[in-house]
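The sequence shown begins at 1 in full-length UniProt numbering and counts up by one.
Just so you know, these hints were derived from the structure itself, not from any lab. Incorrect hints may have been included.
Claimed, not checked - Each computed DSS-like pair below joins lysine-lysine, with the alpha-carbon atoms no more than 30 Å apart: (1) K337 - K167; (2) K415 - K149; (3) K299 - K284; (4) K147 - K336.
Stated by the list, open to error - Derived DEER-like restraints, expressed as beta-carbon distance ranges: (5) D364 - R331: 32 to 42 Å; (6) N125 - E172: 35 to 45 Å; (7) L339 - I279: 25 to 35 Å; (8) R331 - K169: 15 to 25 Å; (9) S419 - Q367: 44 to 54 Å; (10) E342 - N125: 32 to 42 Å; (11) R300 - S406: 44 to 54 Å; (12) S397 - D364: 33 to 43 Å; (13) S419 - K299: 15 to 25 Å; (14) E163 - D332: 29 to 39 Å.
Just so you know, even glycine gets a beta-carbon here, dropped at the ideal spot from N, CA and C.
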Amino acid sequence: MGNEASRSKRFSRPFKKQEGKKSSSSKGSADGTTGSKSMKQRLSGSFKSKSKPPAAPTSTKSPTKNSSNSNGDKNDSNALSSEGNSTSNSNNIGNGGVNNGNGNAPRKISLQSQVAENSMKNKMNLADFVLIRTVGKGSFGKVIQVKKKDTGRVYAMKVLKKEQVVKRKQFEHTMAERRILEEIDHPFIVSLRFAFQTTQKLYMIFDFFNGGELFHYLSKYGKFGEERSRLYAAEIALGLEHIHSMNIIYRDLKPENLLLDADGHIRITDFGLSKENVIDDTVKSFCGTPEYLAPEVLKRMKYGKAVDWWSLGTLLYEMISGLPPFYDRNRDRMYKKILSAELRFPAIMNPEARSICRGMLQRDPLQRLGYYGAQEIKNHPFFAILNWDDVYYKRVSPPFKPVVTSEDDTRNVDKSFTSIPAAVTPTPNDGGQLSAALEKEFTDFTYTATNVIDGQRYSVSWDPQEELEASFGSKETGVGTNDAGEQQGHMKIPETVL
């Protein structure tokens, strides 16, 4: 409910002028900012009929060009902060790099066998971290900004309560998220560094990115310039391409799950709804976030990776225009619009932007841009100005760079989170003992990324006396059924700073 309420509030909030820009008319400047009018008021009457998309080019490559802010997206001195210690993952991507401009890094070898090596002599537990402040809260856990005592490095620690994970039928999702994040190594996806547990809690530690959620910036400015939106969409597309190459569907692409690093590049986070081992259109579970659900999900049809391209089309449309294409305050009406309403565009969207959005928002998955692979997306004229190798290796400078004063700066994190004490207290025995069989299943949760351990190696510590008090809320990001047809609520921690 929390995410839905925040999203509804953002969609009804008046746009704020970007610093140094002037609005011209209701049809807008390059960013379409109009000052005092609400999104609904601004967008009404400003749509034009759809036009035929231009034919996609046959060439993959396009001229190399570093981004600059021709659309006027300024680096606001009051902009939300970013992690100053964040660096490119290009040194950890693999030996092959990008092949033929496809943006694919070789899949790294699983580290499970390395984690189990006898040479891992040090024990990691909660005592290895200083808890700084709460930066996210969900239905059965929270996210805490922490500092590793021996190195002083700042991380984000996601804390889950085992009993709640089991009660809410999120065991498989939680374990899948941990497995997926172990395997993924990509410059536009968050990296899992450690995972350990106690008798009652699960802990996942990620790099801390304080550049802020994309959701926060959309709430602040209403929309982005086309140049800024294009680079974000390109980086997301490369991330999705990598995810799909591992036969994984992401299933929850939205502004809340997209972070900015210190330089303004995208990081995809929160894999709580992701689905593993997807080869063709074989998935049938109903889950996701309403505004970004593909028609085949709403129709309860079997679906595949193309649902992620629908979500990207929705997101790109939203970044440029300020609203998702079929948004309605009434969820049932919104679902009907997703299934049958005409796709219309505001005047500020140019033909290439309209064309790629129309391609990704085809209701028939077989006709959808990206169904036969990410190369269809990358070949589109909308991205012709970009060189995909340069995008992958972060040689394209983002038009917007967050401002940060320190590694642990949380000025961009919602104050409703940071006001929650990040206290270490014993968790009382609430009678929620797990079965021995289930405890054995949780044993596989432990993990250490051996390539980024601050020069040391660690294994899990199991200490029933060392617990972290988790706060519980009602931040819902999606509801639906699992693949067995069981009704369940997908209640996930919003990985606000992961």
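Non-conforming hints, listed in increasing numerical order: 1, 4, 5, 6, 10 and 13
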